[in-house]
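Chemist: Next come the chains, spelled out residue by residue.
Protein chains: 2
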Amino acid sequence: MALISPSRRLRRTPFSDGVEAAGVKAYTVYNHMLLPTVFRSVEEDYHHLKQAVQVWDVACERQVELRGPDAGRLVQLLTPRDLRPMLPGQCYYVPIVDETGGMLNDPVAVKLAEDRWWISIADSDLLYWIKGLAYGYRLDVLVDEPDVSPLAVQGPRADDLMAAVFGDAVRDIRFFRFAHLDFQGHDVVVARSGYSKQGGFEIYVEGSDLGMPLWNALMEAGKTMDVHAGCPNLIERIESGLLSYGNDMTDDNTPHECGLGKFCNTQTAIGCIGRDALLRVAKEGPVKQIRAIAIDGPPVPLWDRWWPLLAGTTPVGRVSSAAWSPDFGTNVAIGMVRMTHWDDGTELTVQAPDGLRHATVKETFWN
Amino acid sequence: MALISPSRRLRRTPFSDGVEAAGVKAYTVYNHMLLPTVFRSVEEDYHHLKQAVQVWDVACERQVELRGPDAGRLVQLLTPRDLRPMLPGQCYYVPIVDETGGMLNDPVAVKLAEDRWWISIADSDLLYWIKGLAYGYRLDVLVDEPDVSPLAVQGPRADDLMAAVFGDAVRDIRFFRFAHLDFQGHDVVVARSGYSKQGGFEIYVEGSDLGMPLWNALMEAGKTMDVHAGCPNLIERIESGLLSYGNDMTDDNTPHECGLGKFCNTQTAIGCIGRDALLRVAKEGPVKQIRAIAIDGPPVPLWDRWWPLLAGTTPVGRVSSAAWSPDFGTNVAIGMVRMTHWDDGTELTVQAPDGLRHATVKETFWN
Numbered sequence: 001m002a003l004i005s006p007s008r009r010l011r012r013t014p015f016s017d018g019v020e021a022a023g024v025k026a027y028t029v030y031n032h033m034l035l036p037t038v039f040r041s042v043e044e045d046y047h048h049l050k051q052a053v054q055v056w057d058v059a060c061e062r063q064v065e066l067r068g069p070d071a072g073r074l075v076q077l078l079t080p081r082d083l084r085p086m087l088p089g090q091c092y093y094v095p096i097v098d099e100t101g102g103m104l105n106d107p108v109a110v111k112l113a114e115d116r117w118w119i120s121i122a123d124s125d126l127l128y129w130i131k132g133l134a135y136g137y138r139l140d141v142l143v144d145e146p147d148v149s150p151l152a153v154q155g156p157r158a159d160d161l162m163a164a165v166f167g168d169a170v171r172d173i174r175f176f177r178f179a180h181l182d183f184q185g186h187d188v189v190v191a192r193s194g195y196s197k198q199g200g201f202e203i204y205v206e207g208s209d210l211g212m213p214l215w216n217a218l219m220e221a222g223k224t225m226d227v228h229a230g231c232p233n234l235i236e237r238i239e240s241g242l243l244s245y246g247n248d249m250t251d252d253n254t255p256h257e258c259g260l261g262k263f264c265n266t267q268t269a270i271g272c273i274g275r276d277a278l279l280r281v282a283k284e285g286p287v288k289q290i291r292a293i294a295i296d297g298p299p300v301p302l303w304d305r306w307w308p309l310l311a312g313t314t315p316v317g318r319v320s321s322a323a324w325s326p327d328f329g330t331n332v333a334i335g336m337v338r339m340t341h342w343d344d345g346t347e348l349t350v351q352a353p354d355g356l357r358h359a360t361v362k363e364t365f366w367n
Numbered sequence: 001m002a003l004i005s006p007s008r009r010l011r012r013t014p015f016s017d018g019v020e021a022a023g024v025k026a027y028t029v030y031n032h033m034l035l036p037t038v039f040r041s042v043e044e045d046y047h048h049l050k051q052a053v054q055v056w057d058v059a060c061e062r063q064v065e066l067r068g069p070d071a072g073r074l075v076q077l078l079t080p081r082d083l084r085p086m087l088p089g090q091c092y093y094v095p096i097v098d099e100t101g102g103m104l105n106d107p108v109a110v111k112l113a114e115d116r117w118w119i120s121i122a123d124s125d126l127l128y129w130i131k132g133l134a135y136g137y138r139l140d141v142l143v144d145e146p147d148v149s150p151l152a153v154q155g156p157r158a159d160d161l162m163a164a165v166f167g168d169a170v171r172d173i174r175f176f177r178f179a180h181l182d183f184q185g186h187d188v189v190v191a192r193s194g195y196s197k198q199g200g201f202e203i204y205v206e207g208s209d210l211g212m213p214l215w216n217a218l219m220e221a222g223k224t225m226d227v228h229a230g231c232p233n234l235i236e237r238i239e240s241g242l243l244s245y246g247n248d249m250t251d252d253n254t255p256h257e258c259g260l261g262k263f264c265n266t267q268t269a270i271g272c273i274g275r276d277a278l279l280r281v282a283k284e285g286p287v288k289q290i291r292a293i294a295i296d297g298p299p300v301p302l303w304d305r306w307w308p309l310l311a312g313t314t315p316v317g318r319v320s321s322a323a324w325s326p327d328f329g330t331n332v333a334i335g336m337v338r339m340t341h342w343d344d345g346t347e348l349t350v351q352a353p354d355g356l357r358h359a360t361v362k363e364t365f366w367n
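Protein sequences, first through last, are from chains A and B.
Numbering-wise (the numbering used here), the first sequence opens with residue 1 and increments by one.
Numbering-wise (the numbering used here), the second sequence opens with residue 1 and increments by one.
What the hints contain is simulated information worked out from the structure, not anything from laboratory work.
Warning: the hint list may mix true and false statements.
Stated by the list, open to error - Partial list, computed: chain A residues near chain B (C-beta under 8 Å):
| no. | residue |
| --- | --- |
| 1 | Met-1 |
| 2 | Leu-126 |
| 3 | Tyr-128 |
| 4 | Phe-263 |
| 5 | Asn-265 |
| 6 | Arg-305 |
For each residue, glycine too, the CB sits at the ideal point set by N, CA and C.
Please construct the entire structure, taking both the sequences and the accompanying hints into account.
Modeler: Written out as structure tokens, the structure is:
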């Protein structure tokens with residue numbers, strides 16, 4: 001791995017002191033912010049995430065706040081998902097597309113009130129797209145990046161740890177719902193959500209003063225639960241089929257190609273940008289799509305380029321994320337495969353940096 | 001320094017193979033791309049840049065291309081700089097602001113033709129802002145990120161090296177002008193520009209096939225000129241007062257605060273976004289502004305947070321970039337200082353991570 005130079009442009013978070021004290025080993029950069037990638041080792045973090053509970057600094061999931069009479073109209077403009085059934089207190093995963101149907105981000109929208117939303121973003125400056133549209137359409141809405149930093153608590157013991165800090169009310173929060181809870185006299189939004197399939201919560205921390213007190217309270221309360229600092233885990237997220245914007249999809253891809261067609265209500269999401277393009281895609285179907293791919297052989301290396309997928313010598317797709325899975329005893333991967341070769345069980349060749357390997361398309365992800 | 005995990009989300013460039021072969025020691029991430037920060041050492045790179053010639057992978061200066069009948073109108077919408085005098089073949093440094101006059105980016109606009117522009121961006125997804133506006137205004141213009149990667153040649157011997165590869169025509173290119181030149185049968189745009197004050201060029205390389213042939217041709221031709229791989233140098237850019245978006249300024253700052261008032265023709269740049277807010281600022285002047293700051297004491301550490309500037313115990317600003325300058329025998333810094341304390345020679349205290357230090361506001365930068 002290479003070194004990263006310290007820079008004020010790559011922002012610290014309210015939890016950085018805790019992350020450093022916990023012995024973070026490596027970072028990535030996400031929304032101009034440092035995001036930890038390894039604490040003990042990717043494999044050790046993986047086993048621990050599936051068995052215990054971790055606290056993750058995901059402050060880099062920046063919010064775009066929309067506030068004002070036109071906030072709801074603007075959110076519906078952004079996404080082909082029909083938001084009419086959505087109530088305050090709910091979170092929706094919302095593909096965001098441009099006028100050609102190309103993915104610009106895949107955030108979670110948090111509906112705080114009819115006229116106040118947070119869009120919890122993946123790695124692109126979605127703020128700029130939303131501000132540009134709001135200005136161009138002359139909408140009556142304020143759009144900015146509030147000083148809100150999510151802290152995630154993930155793992156099978158997440159409910160117990162959160163209950164120890166926030167009380168048993170957290171146990172009643174349903175999946176992709178949120179509640180306002182108290183921490184040391186401050187109102188915080190706590191959602192049952194997160195970038196793993198091990199269960200857990202995301203706490204939206206406003207300002208920076210509350211960051212380390214909350215981090216420390218979770219670490220203290222979790223001592224008997226084997227709590228540890230963690231981070232989104234490459235192996236677990238691939239096993240779970242959790243996509244990464246910029247890795248597994250770019251603005252070249254439609255939601256349908258990303259397997260997100262179920263979040264596109266193109267017929268009813270009237271007024272959304274990209275509707276014309278997506279109606280066409282919805283009718284004909286995509287010609288390539290995200291698939292789970294099992295890759296044979298020894299553990300694949302961490303890498304920084306897509307790997308071509310071949311049928312014989314014909315390119316039929318690419319692998320965009322891959323890692324060795326100790327639990328499943330194979331290399332798990334996410335790829336985009338042409339429809340001619342996307343059926344379950346199709347055998348392909350992947351051009352990995354250490355040579356050609358045998359790969360198999362799978363119907364479903366592992367977790 | 002911390003480690004950075006390899007990721008497909010942090011894109012390689014057409015020159016990455018050359019950068020690695022040249023022994024890059026550290027990176028930063030800029031526009032979702034790897035940008036080298038150190039080859040031999042920051043100090044050694046600095047001395048060499050001022051004496052010889054370097055080839056820089058600045059592919060991370062991504063382009064936003066505007067093409068179509070409304071391209072010119074859209075560019076003028078983006079910036080308070082009056083673009084009417086600008087001719088095809090010219091480059092302009094253009095502050096980009098939102099409706100409140102807050103800086104969104106500080107790119108160089110390249111006017112290829114009346115209906116075709118490249119905006120060569122600093123570290124934020126300006127593409128999203130421009131696309132959002134184009135869509136909101138229903139302008140007749142295509143906006144996208146073309147596959148164009150700048151390669152910079154910087155240093156006092158840049159003219160000689162470029163002439164050896166492109167012929168003597170490069171010597172006639174004036175500052176912030178460009179020409180179309182031939183490289184191995186391909187037309188490339190070559191501008192006299194770059195992120196140093198040592199002189200030089202930026203070559204806009206289309207596609208990825210030409211990247212390594214061009215890198216290798218420059219390295220081969222420069223053997224007798226002590227050419228070396230380099231990168232934007234922290235010390236040299238501070239000495240030269242070259243600002244870094246995200247470090248020295250954010251969307252909280254107006255161009256006037258950044259000392260970029262001379263690029264704002266707010267009276268005549270009719271139709272630009274943020275005009276109302278900036279007319280107010282232009283009339284009253286900013287209450288804080290970018291200044292050169294000399295910091296006493298031994299070499300300051302590389303750091304990732306702003307340092308408070310104090311007059312006695314009163315906060316009057318911040319230091320946003322700082323480094324030890326071997327040539328000037330002091331720590332050189334860029335800061336934002338309140339008008340009460342921004343006069344040349346004002347003595348302040350800077351709260352550095354290793355303690356309080358004496359600092360002096362300077363009228364001008366060092367280079």
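Chemist: Hint by hint, say whether it matches the structure.
Modeler: Going through the hints against the structure:
no. : hint    : result
1   : Met-1   : holds, 4 Å
2   : Leu-126 : holds, 7 Å
3   : Tyr-128 : holds, 4 Å
4   : Phe-263 : violated, 20 Å
5   : Asn-265 : violated, 21 Å
6   : Arg-305 : holds, 6 Å
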